[in-house]
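These are the residues of each chain, in order.
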Amino acid sequence: KAGVTQTPRYLIKTRGQQVTLSCSPISGHRSVSWYQQTPGQGLQFLFEYFSETQRNKGNFPGRFSGRQFSNSRSEMNVSTLELGDSALYLCASRRVGETQYFGPGTRLLVL
Amino acid sequence: AQRVTQPEKLLSVFKGAPVELKCNYSYSGSPELFWYVQYSRQRLQLLLRHISRESIKGFTADLNKGETSFHLKKPFAQEEDSAMYYCALSISGNQFYFGTGTSLTVIP
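Going line by line, the protein sequences match chains A and B. Using my numbering, the letters of the first sequence map in sequence onto residues 1 to 111. Using my numbering, the letters of the second sequence map in sequence onto residues 1 to 108.
Since the hints were made in silico from the structure, they are not lab data. Hints may contain errors.
Simulated restraints, written as ranges between beta carbons of each label pair [unchecked claim]:
no., chain 1, residue 1, chain 2, residue 2, range
1, A, G62, B, N94, 15 to 23 Å
2, B, P108, A, T7, 36 to 44 Å
3, A, R63, B, F14, 31 to 39 Å
4, A, P61, B, G66, 34 to 42 Å
5, B, Q42, A, F69, 22 to 30 Å
6, B, Q42, A, T7, 12 to 20 Å
7, B, L10, A, V96, 31 to 39 Å
Covered stretches of chain B (in silico footprint by chain A; criterion: 3 or more residues with CB under 8 Å from a CB of chain A, positions within the stretch not fixed) [what the hints assert, rightly or not]:
no., stretch
8, 37 to 51
9, 98 to 104
All C-beta atoms, glycine included, are put in the ideal place defined by N, C-alpha and C.
Looking at chain A on its own, in the form it has when it is part of the complex:
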C-alpha cells in the first residue's frame, strides 16, 4: 500500500507570495491533518479535514487555509508569506479511530 505523499518536497518563496502544498493520503483514509514543524516549536497542529469538511483547526492566522477534495486529497495554502512561515509542513492521514500515518513533508523556505 502506498504511503502518504506530499508535493512538492522543497519550495523556496519570497515574502508576500502565496504557496499551495498538496497531500495525497493513503487509499481509504478519509481524514487528513496538517502540521507545521519547526525546531523551536516542534509540531503544531494546523487543521484536520474529513470528508471535505474542516473538522478541527489549530491556532494559526487566517493566512493558513486548506481544503479537501472528494478523493480525500488535500491542499494547504499560505497567503502573504512571512519569514516565520519557513518550516517543514507535514500531512498525516488516517482511518477514523486509527493511528496517523505521516508523509515526508514539504520543506518551505521563505526569503
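Since chain A is already given, all that's left is putting chain B on it; use the hints.
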C-alpha cells in the same frame, strides 16, 4: 487548554544504560496518549499508544493520571534508538497536540 510538555530537548545515554524520556500533559478529560519517533531521514511514525499497553522495540510507557505523565522507558538503550521522540495527546481521536520533542542520542 491542552498541552504536552517534554522538558528535555536533548538527552544522551550510553549504550546499555536505561533511558527515560519524560512527557507531562495538561488536560482535564480522558486523554489518549502516544509516542511518535522520527529516525534520521525517515518519516515520523507511531511508536506506541497508551491504550495498547504494549512494548515496541523494548520501549514501554505507562499513563499516570495522578501525575499526568506518560514517560517513555527502555531498560537498555541501543544505538539504533537514537532519534527524535515526540509525545502526543489526542482529544476524541481527532485533534492531536504534540510536545516539542526530545532528541535522544545513544553513545556507543
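Against which earlier hints does the structure fall short, listed by number upward? 3
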